[in-house]
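So the sequences go chain by chain: U and X.
Take the first sequence: its position 282, counting from 1, is numbered 282 in this note's numbering, and each next residue is one higher.
Take the second sequence: its position 228, counting from 1, is numbered 228 in this note's numbering, and each next residue is one higher.
Please note: incorrect hints may appear among the correct ones.
A pair counts as met if it fits within one copy or between any two copies, since identical chains are not told apart.
[To be verified] With a straight-line cut-off of 35 Å between C-alpha atoms, the simulated DSBU-like cross-links for lysine-lysine are:
hint: 1; residue 1: K6; residue 2: K186
hint: 2; residue 1: K139; residue 2: K76
hint: 3; residue 1: K139; residue 2: K6
hint: 4; residue 1: K76; residue 2: K186
hint: 5; residue 1: K76; residue 2: K6
Keep in mind that the hints were calculated from the coordinates and are not lab data.
Computed from a predicted structure; not experimentally measured.
There are 2 protein chains.
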Amino acid sequence: MSELRKDPIVHRWVIMAPERATRPIEVTDLPHLVSSMDDPFAEGRESTTTAELLAFRSADSPANGPGWDVRVLPNKYPALSRDTSLVESTDSLYQSLSGVGAHEVIVECPQNEGNISRLSDENICKILVAYRDRIVDLKRDPQLAHATIFKNCGAQAGASIYHAHSQLLATPYVPSLIEEELAGAKAYQAANGRDIFDDIIARELADGRRVVVDTPQFLAFCTYASRFTYETWIVPRQPESHYEQITAEAIRELASVLKSVLHRLEVALNDPPYNYVLHTAPLQQAYLPHYRWHFEIYPRLTRVAGYEWGSGCYINEVLPEQAAQRLREVSEV
Amino acid sequence: MSELRKDPIVHRWVIMAPERATRPIEVTDLPHLVSSMDDPFAEGRESTTTAELLAFRSADSPANGPGWDVRVLPNKYPALSRDTSLVESTDSLYQSLSGVGAHEVIVECPQNEGNISRLSDENICKILVAYRDRIVDLKRDPQLAHATIFKNCGAQAGASIYHAHSQLLATPYVPSLIEEELAGAKAYQAANGRDIFDDIIARELADGRRVVVDTPQFLAFCTYASRFTYETWIVPRQPESHYEQITAEAIRELASVLKSVLHRLEVALNDPPYNYVLHTAPLQQAYLPHYRWHFEIYPRLTRVAGYEWGSGCYINEVLPEQAAQRLREVSEV
Numbered sequence: 001m002s003e004l005r006k007d008p009i010v011h012r013w014v015i016m017a018p019e020r021a022t023r024p025i026e027v028t029d030l031p032h033l034v035s036s037m038d039d040p041f042a043e044g045r046e047s048t049t050t051a052e053l054l055a056f057r058s059a060d061s062p063a064n065g066p067g068w069d070v071r072v073l074p075n076k077y078p079a080l081s082r083d084t085s086l087v088e089s090t091d092s093l094y095q096s097l098s099g100v101g102a103h104e105v106i107v108e109c110p111q112n113e114g115n116i117s118r119l120s121d122e123n124i125c126k127i128l129v130a131y132r133d134r135i136v137d138l139k140r141d142p143q144l145a146h147a148t149i150f151k152n153c154g155a156q157a158g159a160s161i162y163h164a165h166s167q168l169l170a171t172p173y174v175p176s177l178i179e180e181e182l183a184g185a186k187a188y189q190a191a192n193g194r195d196i197f198d199d200i201i202a203r204e205l206a207d208g209r210r211v212v213v214d215t216p217q218f219l220a221f222c223t224y225a226s227r228f229t230y231e232t233w234i235v236p237r238q239p240e241s242h243y244e245q246i247t248a249e250a251i252r253e254l255a256s257v258l259k260s261v262l263h264r265l266e267v268a269l270n271d272p273p274y275n276y277v278l279h280t281a282p283l284q285q286a287y288l289p290h291y292r293w294h295f296e297i298y299p300r301l302t303r304v305a306g307y308e309w310g311s312g313c314y315i316n317e318v319l320p321e322q323a324a325q326r327l328r329e330v331s332e333v
Numbered sequence: 001m002s003e004l005r006k007d008p009i010v011h012r013w014v015i016m017a018p019e020r021a022t023r024p025i026e027v028t029d030l031p032h033l034v035s036s037m038d039d040p041f042a043e044g045r046e047s048t049t050t051a052e053l054l055a056f057r058s059a060d061s062p063a064n065g066p067g068w069d070v071r072v073l074p075n076k077y078p079a080l081s082r083d084t085s086l087v088e089s090t091d092s093l094y095q096s097l098s099g100v101g102a103h104e105v106i107v108e109c110p111q112n113e114g115n116i117s118r119l120s121d122e123n124i125c126k127i128l129v130a131y132r133d134r135i136v137d138l139k140r141d142p143q144l145a146h147a148t149i150f151k152n153c154g155a156q157a158g159a160s161i162y163h164a165h166s167q168l169l170a171t172p173y174v175p176s177l178i179e180e181e182l183a184g185a186k187a188y189q190a191a192n193g194r195d196i197f198d199d200i201i202a203r204e205l206a207d208g209r210r211v212v213v214d215t216p217q218f219l220a221f222c223t224y225a226s227r228f229t230y231e232t233w234i235v236p237r238q239p240e241s242h243y244e245q246i247t248a249e250a251i252r253e254l255a256s257v258l259k260s261v262l263h264r265l266e267v268a269l270n271d272p273p274y275n276y277v278l279h280t281a282p283l284q285q286a287y288l289p290h291y292r293w294h295f296e297i298y299p300r301l302t303r304v305a306g307y308e309w310g311s312g313c314y315i316n317e318v319l320p321e322q323a324a325q326r327l328r329e330v331s332e333v
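Just chain U, same shape as in the assembly (with noise of 0.2 Å):
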């Protein structure tokens, strides 16, 4: 079973999961994963997989089947686990939790294709659908405190296995990064009077150099303290900290941004390795005016090294504007 531990010093999380270390890995060497006959998530091949959670499938089509769109699969190799109860271990140095959680994989279409982008419209918006459900239905948990939907897309951004997926952690803790990015919007909300993503989102309307997509509803931008080259993140215009909240009219444009921005990733810098991960607030705490979920995207063209894993600050070669630029010279799809 895995165990969760927090650094004494700055009180960071780790996941101990010493049982995922024996999972196979499909390609490790390559830049790029690619095709490939031997498809563990392709239509077709749903008995090999675990029991399907959640799927968009047609009408007449029985479960753990073919005739799906998205799957929701339990991880087959998971760092956390809901079939155990939350046990907190903690003296005034070092402070564990057991392994509770729930780690899924969304299995985003049922061809061997690798990039969302070349999906149809409407099958994104059934990813993004499916993202929305599991965050509801685990939210029920008590024992859940946060959950992190994330894709590894390229084998060099993390990914083990070609076909489109992405994965969902949930954890009995709310993460660092969350936290931190909680406590920074609620200090400026109570230091200016004002929400912090409406004043981005102003200033970066008002500026317009770091714009890469502009719709009604979302922006998306090169944010000015890119932690990742071509760093890019889509934020809602409106205020709504906790995702499951999205509503289907809100998806249809959602969607339409994503594929926009990873398609002009994809040309801009010849098919990336990237990660993309939804930012949203807390499982078990109501609406917070001074959050707003979003998604991060993070092309992985350049080596993190010591620098940044020592100092978590980083060093970024391209500066947003210009990268923001490159992104709005590509056609679109």
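Fit chain X to the supplied structure of chain U, relying on the hints for placement.
Here is chain X on its own, set in the frame of chain U:
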């Protein structure tokens, strides 16, 4: 010129260094860099490097010629520079600083050797003295707030050159992770009336399972909540916040502990890529009784992916107790 930008939400510094994108990369696709006839740091090629800031060389050898053991050079592609003055640009949302600082390379031996564990004890002492002497020199510049010394060994750890070298990055800010350590150590002292580093050392010695090397002045151990597989810290047993205060006697002992730990990692993990980072107190602060300088060594065995980047938390597939046992089992050099 570089520009330093602070994230408006989580207050993390990023060095925007567009000029660095022009530097050549020796090897990028190999899992291990290899020794090379075309070694830019080899003895005899001093005329092609930047002019040395410091060198430990034989008494009769002129600067910037052969006859040295350790040389310190300005980085040819610096992320920061001292040839500019500190200009701050701040509004209520975005904060930036001009790219003031120092970026230096410590060339750690004259021959084409990539692993400092294979150097003589005397050579390793000179490296550790060079770290100290450069910090002492940079401390005199009141514009510099902190010096981070770090090593990238192996292409997967971010190195672009095989020849053993470290880097020093002196910044006008104190890095986020150092700020978090300072705050965490201070809060622990306030809450418990004891030094957290004393308590960690006492606990690790009493427990024993995570200890790697144990000498009169230093303890090397795999940390309780290691971020990375086989992460190992070397911590002085007595309080000392600033590395630049280290004595010559302690350097001799530190050199043998560092060599032993790196040798054990290399044998146990088959020459892994790794980073190490010296964490030390801010340059312009007086002695901090609650803080302690230390080395953090991060083997780079698994790819860090979306969860870690997006959450600030980590998944580690090897318990530190198992890692330390394996490292203890390796025979000494």
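Do the hints match the structure? See the list:
Taking the closest pair of Cα atoms, K6 and K186 come within 35 Å of each other both inside a single copy (24 Å) and across two copies (17 Å). In this homomeric assembly, K139 and K76 come within 35 Å of each other (Cα to Cα) only inside a single copy, at 22 Å, whereas the closest approach across copies is 52 Å. Proximity of K139 to K6 under the C-alpha cut-off of 35 Å is found in both arrangements, the shortest distances being 23 Å within a copy and 33 Å between copies. Taking the shortest alpha-carbon separations for K76 and K186, neither the intra-copy value of 38 Å nor the inter-copy value of 42 Å comes in at or below 35 Å.
For the homomeric pair K76 and K6, the shortest alpha-carbon distance inside one copy (25 Å) is at most 35 Å, but the shortest distance between copies (40 Å) is not.
The structure fails hint 4 only (numbered hints given earlier).
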